[in-house]
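Engineer: Listed below, chain by chain, are the residues.
There are 4 protein chains.
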Amino acid sequence: TKLAVVGAGAVGSTLAYAALMRGAARTVALMDINAAKVEAEVLDLSHGVQFVPEAQVIGSDDVSVCADADVVVVTAGAKQKPGQTRTELAGATIDLMKKILPGLVEAAPNAVYIMVTNPVDVVTYASLKISGLPPSQMFGSGTVLDTSRLRFLIAQHCGVAVRNVHAYIAGEHGDTEIPLWDSATIGGVPLLEWNRQSEHHGPLNDGDRARIADEVVNSAYKIIEGKGATNYAVGLAGTRIIEAILTNEHSVLPVSSLLTDYYGISDVCLSVPSIVGRRGVYEQLQVPLSDAEYDGLKASADHLRAVAREFGF
Amino acid sequence: TKLAVVGAGAVGSTLAYAALMRGAARTVALMDINAAKVEAEVLDLSHGVQFVPEAQVIGSDDVSVCADADVVVVTAGAKQKPGQTRTELAGATIDLMKKILPGLVEAAPNAVYIMVTNPVDVVTYASLKISGLPPSQMFGSGTVLDTSRLRFLIAQHCGVAVRNVHAYIAGEHGDTEIPLWDSATIGGVPLLEWNRQSEHHGPLNDGDRARIADEVVNSAYKIIEGKGATNYAVGLAGTRIIEAILTNEHSVLPVSSLLTDYYGISDVCLSVPSIVGRRGVYEQLQVPLSDAEYDGLKASADHLRAVAREFGF
Amino acid sequence: TKLAVVGAGAVGSTLAYAALMRGAARTVALMDINAAKVEAEVLDLSHGVQFVPEAQVIGSDDVSVCADADVVVVTAGAKQKPGQTRTELAGATIDLMKKILPGLVEAAPNAVYIMVTNPVDVVTYASLKISGLPPSQMFGSGTVLDTSRLRFLIAQHCGVAVRNVHAYIAGEHGDTEIPLWDSATIGGVPLLEWNRQSEHHGPLNDGDRARIADEVVNSAYKIIEGKGATNYAVGLAGTRIIEAILTNEHSVLPVSSLLTDYYGISDVCLSVPSIVGRRGVYEQLQVPLSDAEYDGLKASADHLRAVAREFGF
Amino acid sequence: TKLAVVGAGAVGSTLAYAALMRGAARTVALMDINAAKVEAEVLDLSHGVQFVPEAQVIGSDDVSVCADADVVVVTAGAKQKPGQTRTELAGATIDLMKKILPGLVEAAPNAVYIMVTNPVDVVTYASLKISGLPPSQMFGSGTVLDTSRLRFLIAQHCGVAVRNVHAYIAGEHGDTEIPLWDSATIGGVPLLEWNRQSEHHGPLNDGDRARIADEVVNSAYKIIEGKGATNYAVGLAGTRIIEAILTNEHSVLPVSSLLTDYYGISDVCLSVPSIVGRRGVYEQLQVPLSDAEYDGLKASADHLRAVAREFGF
Ligand SMILES: NC(=O)c1ccc[n+]([C@@H]2O[C@H](COP(=O)([O-])OP(=O)(O)OC[C@H]3O[C@@H](n4cnc5c(N)ncnc54)[C@H](O)[C@@H]3O)[C@@H](O)[C@H]2O)c1
Ligand SMILES: NC(=O)c1ccc[n+]([C@@H]2O[C@H](COP(=O)([O-])OP(=O)(O)OC[C@H]3O[C@@H](n4cnc5c(N)ncnc54)[C@H](O)[C@@H]3O)[C@@H](O)[C@H]2O)c1
Ligand SMILES: NC(=O)c1ccc[n+]([C@@H]2O[C@H](COP(=O)([O-])OP(=O)(O)OC[C@H]3O[C@@H](n4cnc5c(N)ncnc54)[C@H](O)[C@@H]3O)[C@@H](O)[C@H]2O)c1
Ligand SMILES: NC(=O)c1ccc[n+]([C@@H]2O[C@H](COP(=O)([O-])OP(=O)(O)OC[C@H]3O[C@@H](n4cnc5c(N)ncnc54)[C@H](O)[C@@H]3O)[C@@H](O)[C@H]2O)c1
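In order, the protein sequences belong to chains D, R, U and P. Counting with my numbering, you get residues 9 to 321 for the letters of the first sequence. Counting with my numbering, you get residues 9 to 321 for the letters of the second sequence. Counting with my numbering, you get residues 9 to 321 for the letters of the third sequence. Counting with my numbering, you get residues 9 to 321 for the letters of the fourth sequence.
Take the hints with a grain of salt, since some may be wrong.
[Claimed, not checked] Output of the computed footprint for chain D on chain P, the stretches with three or more beta carbons under 8 Å from beta carbons of chain D:
#: 1; stretch: 239–253
#: 2; stretch: 281–292
[Stated by the list, open to error] Selected chain R positions facing chain D (in silico; Cβ < 10 Å):
#: 3; residue: A169
#: 4; residue: Y176
#: 5; residue: S191
#: 6; residue: G196
Derived by calculation from the structure, the hints in this document are not laboratory data. We treat Cβ as the ideally placed atom computed from N, Cα and C, and that holds for glycine.
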């Protein structure tokens, strides 16, 4: 199996690291226009191979290094700057995609494409049009990261293991995203009914949920301010998606895919819980939504469609 | 960290194997009255150490080998015979516990005790009385195994990854156990509303659920008929509980613990989703139950209490 | 990736378990003439899938279940009985291979074949003739297991981690096998010069080495006496070989392959350190041998050739 | 188990990431004078907890966050700048250690200390004097990283798995370091006798070895030029040492420890293969050295002692 990562920046190279540590692919290829950087990352990653499952790391500033990849992750682009919103990155990124996608798709025509570059939903939508790939084969990492942030915060608040928190962030990977509280559960208990009290942990009330939702939306800004980029959690989130594809898991992940009549929402890429396997996105699940959640999702869709239109898509 | 496994039979030694492969404990001690068998198992497990995280395997027919263990798993007892119910094993097993628990608790007074020997619920209840340990420190593996069977069957039927199926079996580890359909979800979708149709997979209707529930209850019998014991899945289920304890996960697991006013049910050990960490069982979660589920749970409790009484507990 | 295991006995099903726990293959197929047993093993393994990397377990008494496997492991045959030597099993096993190999090779023509059934070296040699497969594509698990036993015993004696002991058993997987002391090292120190003394561990003298060599040869007998089979370490050894193949590691493993002028030894299958990758065995390494080791290897080869001739190969 | 990492820069936070992915410790504490950065790193790492073994990440600019750690890794300091040698960093780093070690040792008196900040050998020597800790309890990561680079390059050249290359870099982590070719082996074959020829790989001659040795010494410079820091491989190397300690492996690792009459070399910290376990460094192994290697090691020791003297140690 071969994983190609386009863009060997903070996100791309950390994702390659996580994928190597997990043994997610036998060959990891990095592609970046910065030839010195890509060579340095390949060396640094290769030097760690003694400590991880046997693998090969290759890299180049030429797209041919991605040839015949099974999965391509696109992280190329400009880093979000402190204070900058993800939407502000849109124009430049879309132009970039116009430049790199044709060559990529030629080199790796059968790969599943995971878009990560921001604003990921709009970029995914535009990239589908640019590349002509079927919507199952190309989707965005979406709110897989935001969802892991949500689950972490809930778990911490409630004093349970993260793996027992089942809750999703849907919509835009960005300011209009919404937590799906209504369908969320903690170890079998509906999250909205969670009222466990223990020595260190109280129940989860309206105010707590509002604060948590807020933190999820704003944590990227906070991290970027503090360290200049976010890379660790997104590297793991990306690796998780890659694993779901390469081992054909049929896992449910909130990736950003093209919706067609999802609760009446169409012609936009955004995140809802979706089944992911070897051929990409198979289907979006009809998760029950409260009225507020439905309205939020619709508003998110309208916003994303508007941004896409702005850039001619 | 030290794990002690009492009873190096099919279940005990497979559990030790799984725990070693997962690196769950640095020292694994096996104790069995059959000295030749325990020595053979220790050798066979030790020979595999090259391929797993560094660990030490020790064994003896003397309880002192369990000294100062952090977790003790009790699997000693007679294997269930083809056709035999778990309850029929009760008397002999309880007598066995009277014999071995005092020495064990003296050797490993601070360990968390996981009872596996069947009938596990009654044995756990009796063992609490015999040992005088607090209920948080001793519990049964309960329906962790049955739950993994349920999830596997649902996942297979619905065509999704097992890890996205969130459903529990509660009650007795045995014939009166009940699936908690009402609170079950698949990737955010309430299981009772699951109606995804795809090429190979249909929706999950009443009949499907009844068949699956039936298969869960009967699969142990079927496996025992076919291979004389069940060991692989239970080895992993046990290892999962051990990990939850040793890494203080606060994970939700359906272990069999002493209930005190759980929906009005008291003075019986049975399985409901419970929080497990370094000090054992912290709390039982108030999972919402349908009326039928509540009745089933109560019936299971009454049955288990009656069996315990029969044996003088 | 698909792994097929032929023979779902103690070795075959434990190997499947280890492979599942390690995520070595996405599909694991068990084949056994005992349909009830294979079904029971498939159920027991499947029930554990919740706790391991997502995978699918299938089984049947029909060879078609192995179709298009990437690796086939053959463990079918009679278990070694207490007191019985591996050679005594030869005739029956060879007849068995004549029966099952043609159908297998038809079902999985491109698989790499790992023979495990004993006496593994003679069975591998005969199976190459029976199947007509090229020697790179079919080999025996050989002394990978014996080598892990050797390393464990040395590590234990010297008080170092098993992973730092680099020593091989070569020759027959059986009574004529020989430890390659001359080329063995411990963390960079030639084993023959190891003289570390510490609180609990002395140096490794001639007598120690003789005792260790003896234990390696005899431990299978001892384990079989104590528990009726050996399965845990061999399950891991087999999984290790499978991983080396499926991730194309080019790892050095002492598998049993057809030698052609290896230090003058030809026309026999036995174990020497060999490079293993996606296409099977690539090459045998010319490890330096002392005169005694060379003589031992030659004697082992002569013995194995004689046994093969006895059975008409 | 608790791991504390002092310095949440490129190296420290990547090491924390690798340790979390490997489940090396249950609690990971980051300490850095840059409060905003440490908070950002803690958030980014925490958000990934869903995808790794359950753990807790904490951080602060106050040393109390390291309280009662089992292992402390010190990476605080100035990054090596393009063109700068490691020795040039010495003065500033030693002053830093004078400032932070007293508080650290008070907070975590029983921890094993792994020094990573460069120039690591001199810093380790000075830190032993400053802290007054016994030499077993504090050592440098030394040439564990350089060794992994060496093994990668040899493996790549020879076409074998990295795990089968057994070779060490000894001496300074820096320009005077030396590969121990004489004791090196590849899968049982002395490296100096390796002459395998295959389709893509030739033998390993003098020139190849010289080139490889050169690349090992210079790769850090090259990586720093290309990406501004080295972090991935060192994160894994550090994690490997942490695992050896926390699971009491007694593994052989080329860490930098205080030598006392090692082949006549004393009163200097440098790397030779050493046994590492729960209580730190147990012993340095007497690996056989060629005359040139002995001379190189002595020169490296003299150089390091001279630098230490320069800074008053
Ligand atoms: N979707 C998510 O969850 C998520 C999370 C974090 C970051 N991101 C996004 O990921 C992107 C990358 O972030 P980063 O921190 O790695 O940025 P970065 O600046 O560190 O890296 C971007 C890399 O892309 C390379 N690049 C630019 N043009 C290229 C081209 N034509 N071909 C190949 N490579 C090219 C650059 O040389 C650089 O190395 C940003 O858009 C960021 O907002 C998304
Ligand atoms: N709770 C569950 O989910 C679950 C699942 C499977 C099996 N089980 C139960 O686990 C138990 C063990 O099953 P098994 O298949 O391993 O049986 P087994 O017969 O293979 O092993 C039992 C072992 O206990 C040993 N033993 C007997 N008396 C002992 C004593 N006084 N001290 C120490 N060891 C003693 C025996 O020598 C034997 O090796 C059974 O009760 C079985 O029903 C429970
Ligand atoms: N090479 C090694 O390192 C090593 C180590 C341990 C065991 N072994 C060998 O492995 C073999 C298996 O040992 P075991 O303990 O698993 O024995 P076992 O008796 O438990 O299992 C053998 C299985 O093979 C099945 N079988 C018989 N004929 C078959 C056929 N025609 N097609 C498919 N399946 C068939 C049987 O039904 C049985 O389930 C033995 O020969 C043993 O000596 C080798
Ligand atoms: N030994 C090795 O194998 C190896 C390998 C790579 C890097 N290094 C060394 O590791 C060190 C760190 O490198 P980096 O790339 O992470 O640098 P960096 O600049 O990214 O990080 C250093 C961190 O230390 C912090 N720091 C400074 N003073 C501190 C104090 N008093 N208390 C706590 N934190 C403090 C800084 O705020 C900064 O975050 C350097 O000395 C580098 O040369 C060693």
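Engineer: Each hint needs a verdict: does it hold in this structure or not?
Structural biologist: Each hint, compared with the structure:
Chain D is given as covering the stretch 239–253 of chain P, and this holds because 8 residues of the stretch bring a CB closer than 8 Å to a CB of that chain, at least three being needed. For the stretch 281–292 of chain P, the proposed coverage by chain D is not satisfied: 0 residues have a C-beta within less than 8 Å of a C-beta in that chain, short of the threshold of three. The restraint placing R:A169 at the interface with chain D holds, with a minimum CB-CB distance near 4 Å, inside the 10 Å limit. Hint on R:Y176 holds. Least Cβ distance to chain D is approximately 6 Å, under the 10 Å limit.
Contact between R:S191 and chain D, as hinted, is supported at the beta carbon level, the nearest pair being about 5 Å apart and thus within 10 Å. Contact between R:G196 and chain D, as hinted, is supported at the beta carbon level, the nearest pair being about 4 Å apart and thus within 10 Å.
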